[in-house]
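Chemist: Here the structure of chain A is known, so what remains is to put chain B in place on it, guided by the hints.
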Amino acid sequence: MSAPEQRRLIFQHIDEPGYTNDIACYLRNGGYEVLKKSIGRKPEDLIAEVKKSGVRGRGGAGFPCGVKWGLVDRKSGKPIYLIVNADESEPGTFKDRYIMHQDPHQLIEGIMISCFANNVKQAYIYIRGEFPHGARILETAIAEAREQNFVGPDVLGSGYSCEIYVHRGAGAYICGEETGLIESLEGKRAYPRIKPPYFPAVLGLYQCPTIVNNVETLCHVKHIVDMGGDAYTKIGTPNNTGTRIFCVSGHVQRPGYYEFETGKITMGQLLNEVCGGPLPGRKFKAVIPGGSSAKILKFGERFKGKTRAGEEYDWGVEDVPMDFDSLGMIGTMGGSGGVIVMDDSVNMVEALANINAFYAHESCGQCTPCREGSLWMKKITSRMVHGEARVEDGALLKSVADQIPGRTICAFGEACSWPTQSFLAKFGDEFTQYPAAPKSLRPNGATELI
Amino acid sequence: MNLKPDTLKRIDEVIPHYPSKRSATLPLLHLIQEDAGYISPEAIEWIAAKLELEPINVYELVTFYPMFRQQPIGRRHIKVCRTLSCALMGGYKTCATFEKEFNTRAGPGEISPDGEVTVEFVECLASCGTAPVVMIDDELHEKVDAAKAKQLSDQIKAEAGQKKGASRP
Numbered sequence: 001m002s003a004p005e006q007r008r009l010i011f012q013h014i015d016e017p018g019y020t021n022d023i024a025c026y027l028r029n030g031g032y033e034v035l036k037k038s039i040g041r042k043p044e045d046l047i048a049e050v051k052k053s054g055v056r057g058r059g060g061a062g063f064p065c066g067v068k069w070g071l072v073d074r075k076s077g078k079p080i081y082l083i084v085n086a087d088e089s090e091p092g093t094f095k096d097r098y099i100m101h102q103d104p105h106q107l108i109e110g111i112m113i114s115c116f117a118n119n120v121k122q123a124y125i126y127i128r129g130e131f132p133h134g135a136r137i138l139e140t141a142i143a144e145a146r147e148q149n150f151v152g153p154d155v156l157g158s159g160y161s162c163e164i165y166v167h168r169g170a171g172a173y174i175c176g177e178e179t180g181l182i183e184s185l186e187g188k189r190a191y192p193r194i195k196p197p198y199f200p201a202v203l204g205l206y207q208c209p210t211i212v213n214n215v216e217t218l219c220h221v222k223h224i225v226d227m228g229g230d231a232y233t234k235i236g237t238p239n240n241t242g243t244r245i246f247c248v249s250g251h252v253q254r255p256g257y258y259e260f261e262t263g264k265i266t267m268g269q270l271l272n273e274v275c276g277g278p279l280p281g282r283k284f285k286a287v288i289p290g291g292s293s294a295k296i297l298k299f300g301e302r303f304k305g306k307t308r309a310g311e312e313y314d315w316g317v318e319d320v321p322m323d324f325d326s327l328g329m330i331g332t333m334g335g336s337g338g339v340i341v342m343d344d345s346v347n348m349v350e351a352l353a354n355i356n357a358f359y360a361h362e363s364c365g366q367c368t369p370c371r372e373g374s375l376w377m378k379k380i381t382s383r384m385v386h387g388e389a390r391v392e393d394g395a396l397l398k399s400v401a402d403q404i405p406g407r408t409i410c411a412f413g414e415a416c417s418w419p420t421q422s423f424l425a426k427f428g429d430e431f432t433q434y435p436a437a438p439k440s441l442r443p444n445g446a447t448e449l450i
Numbered sequence: 001m002n003l004k005p006d007t008l009k010r011i012d013e014v015i016p017h018y019p020s021k022r023s024a025t026l027p028l029l030h031l032i033q034e035d036a037g038y039i040s041p042e043a044i045e046w047i048a049a050k051l052e053l054e055p056i057n058v059y060e061l062v063t064f065y066p067m068f069r070q071q072p073i074g075r076r077h078i079k080v081c082r083t084l085s086c087a088l089m090g091g092y093k094t095c096a097t098f099e100k101e102f103n104t105r106a107g108p109g110e111i112s113p114d115g116e117v118t119v120e121f122v123e124c125l126a127s128c129g130t131a132p133v134v135m136i137d138d139e140l141h142e143k144v145d146a147a148k149a150k151q152l153s154d155q156i157k158a159e160a161g162q163k164k165g166a167s168r169p
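Those protein sequences? They're chains A and B, same order as listed. 1 is the number of the first residue of the first sequence in the numbering used here; add one for each residue after it. 1 is the number of the first residue of the second sequence in the numbering used here; add one for each residue after it.
Every clue listed holds true.
Only pairs whose alpha carbons sit at most 30 Å apart, straight line, appear in this in silico DSBU-like list of lysine-lysine:
(1) B:Lys143 <-> A:Lys283
(2) A:Lys283 <-> B:Lys148
(3) A:Lys195 <-> A:Lys295
(4) B:Lys9 <-> A:Lys121
(5) A:Lys52 <-> A:Lys75
(6) A:Lys68 <-> A:Lys234
(7) A:Lys51 <-> A:Lys37
(8) B:Lys148 <-> A:Lys285
(9) A:Lys379 <-> B:Lys100
(10) A:Lys264 <-> A:Lys298
(11) A:Lys78 <-> B:Lys50
(12) B:Lys4 <-> A:Lys188
(13) A:Lys195 <-> B:Lys21
(14) A:Lys306 <-> A:Lys285
(15) B:Lys21 <-> A:Lys68
(16) A:Lys188 <-> B:Lys21
(17) A:Lys295 <-> B:Lys93
(18) B:Lys93 <-> A:Lys426
(19) A:Lys379 <-> B:Lys93
(20) A:Lys426 <-> A:Lys298
(21) B:Lys21 <-> A:Lys78
(22) A:Lys121 <-> B:Lys21
(23) A:Lys121 <-> B:Lys50
(24) A:Lys295 <-> B:Lys143
(25) B:Lys163 <-> B:Lys100
(26) B:Lys50 <-> A:Lys188
(27) A:Lys121 <-> A:Lys195
(28) A:Lys68 <-> A:Lys37
(29) A:Lys298 <-> B:Lys143
(30) B:Lys50 <-> B:Lys21
(31) B:Lys21 <-> A:Lys75
(32) A:Lys264 <-> A:Lys234
(33) A:Lys234 <-> A:Lys306
(34) A:Lys36 <-> A:Lys51
(35) A:Lys188 <-> B:Lys9
(36) A:Lys68 <-> A:Lys121
(37) B:Lys93 <-> A:Lys285
(38) B:Lys143 <-> A:Lys285
(39) B:Lys93 <-> A:Lys283
(40) B:Lys93 <-> A:Lys298
None of these hints come from the bench; they were simulated from the model.
Same shape as in the complex, but just chain B:
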């Protein structure tokens, strides 16, 4: 496993928080997903060895908890809440706007053709009073109607353009 030194440091810090090493499985999965982008079979083996578990003990969590993924996603992750309060306020239109803007379909395994985003419809994000809500990477955006979804899409595209521009020789 090729993990950043900071990730390794945080992994060693978190394990002693629990009297049983197994409890650290979720935190380790989060840390490794943040570092590597997804949970590979190698990561499952690595965590199991680190926590003195069988790989199946780790794998069963990866398949149970919706936030863990076994494939890479786009550079940005757009999660649109589809649960009732958000749907009542137009969450489906919000999601359709992102799909159209990035020429992609909402789904956990989907990546837009330019590799820029993965759009996902997710269950309740617990911000029902400011519906519809969207999480882009780790940041929550509130009252995202179709117009605001278009603005956010433009912003993501502009940021992607800047990055490409900056990396040009």
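So that you can see chain A by itself, here it is in the shape it has in the complex:
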């Protein structure tokens, strides 16, 4: 079966010749029409549309957006804040960068509709420190939108007022975690908060009810309100509605971003047909399907089980539909949509050492199992690569990885241990070859990864 056509909803205009990021171009293409319609509707109707759509958050966790909005404490009398999570920091993920650079008004329109629906008067876009250019583009776009009365006091003469501010991070991965992000926005170290009691929907920014949504999710809101929640559910598959942007990187012929109806394309179609297959003379060896913390898949392994609907499946990696549920059923996750591909030139110990170096660098240091464990895993894989491993290191590595998840305040504990656990489970043989023949194991022509 050949791959389906791309269904570009969010990336409709990205890379379109002649499409620019200024407001005149956006307005020529029907921009802000959905906001105009929304302002005349009841906020609770807009929330109902988003709930009906079933859209799941595109930041990584896949939590339903409508449910998240439903949890907001609306009776406290305190202001409600919206924070746009634009801290795109999961390795392998780069979709939000292009939305902000090439179509910033789509995001601003999505933000304003969401703010109006939730009675938010102040929104912050928390953007990665590494995107200085993106921050400038957004600031210009907000100023343009303010001039046209789409943002600011008395939006479109409706009596509703809302401001959006851009806030730059400064290079810390943990700011992508919603409570870490909130702490950072309050001007502190980005230490995640303990939930409960600090559910952002009740006690978020400045101890006020707060919604934290990913850039792509807020763009979906615009399209949901435009077409109606019911029509949106017709796109994609049940429980995995809408479209999904896949960011493919690593060893494929055509890396890049591709948008499809969720669940309508398989991993094999995406990698072989859309991305042109492996590099010349190479074979696929492994793939991480949802950002570097998702569990790795090994080409050649098979997955058997029953779907939610009771149908039996027997899949190879290539057969897996790219949606939240299917990837969850085979023990990994759709996460942020960052697909990292590795071919047979890769030494898996080096690849894991690279990932472990990342997580050891990025642990915020608040919880001991994560702070010490991530560094310990990095040290072990690093000495394996450098020929200094000890016989017991394979077992020690597994033991350390097994003791982190579930013992930390935020999900970073899981994020840093899943790669090690899955690499050991799937490629254990490569790890048992240490300490005998370290760097010499790197196949001919392979790239240095650590």
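Modeler: Structure of chain B alone, referenced to chain A:
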């Protein structure tokens, strides 16, 4: 503190964006680093006074967030992404090329002997589809293999040469 008038103006503009002054700490650190090149102890005291905080409240951010530095760097800042997607596509060779071209080592505290560049290996720059990627000052460069790294190095050297030439009496 000897800050440019534009920096001072932008500092006064950004503080009212937040209901709590403390929230403006990161923006102020960015603005001052852009102006002065790094965060000095004097800058920490200055921000603390401006935002009615204790200096430790500012200092703890400087040591937590990797983008802030407490020492000056070279005139140009070359940041090479070392995370998996870039490494798979040759990021380590890219970094080694910059190190060789400028006779320096990659590291946050390192400056090339001519004072021209600081080369740093950094974590994910979120442009994995066009790996390997490099940021030079505020500008992102995509698909920077060893050959392109050499070209960029030549360009930086030429620009440095022009500046020196222009300042000659």
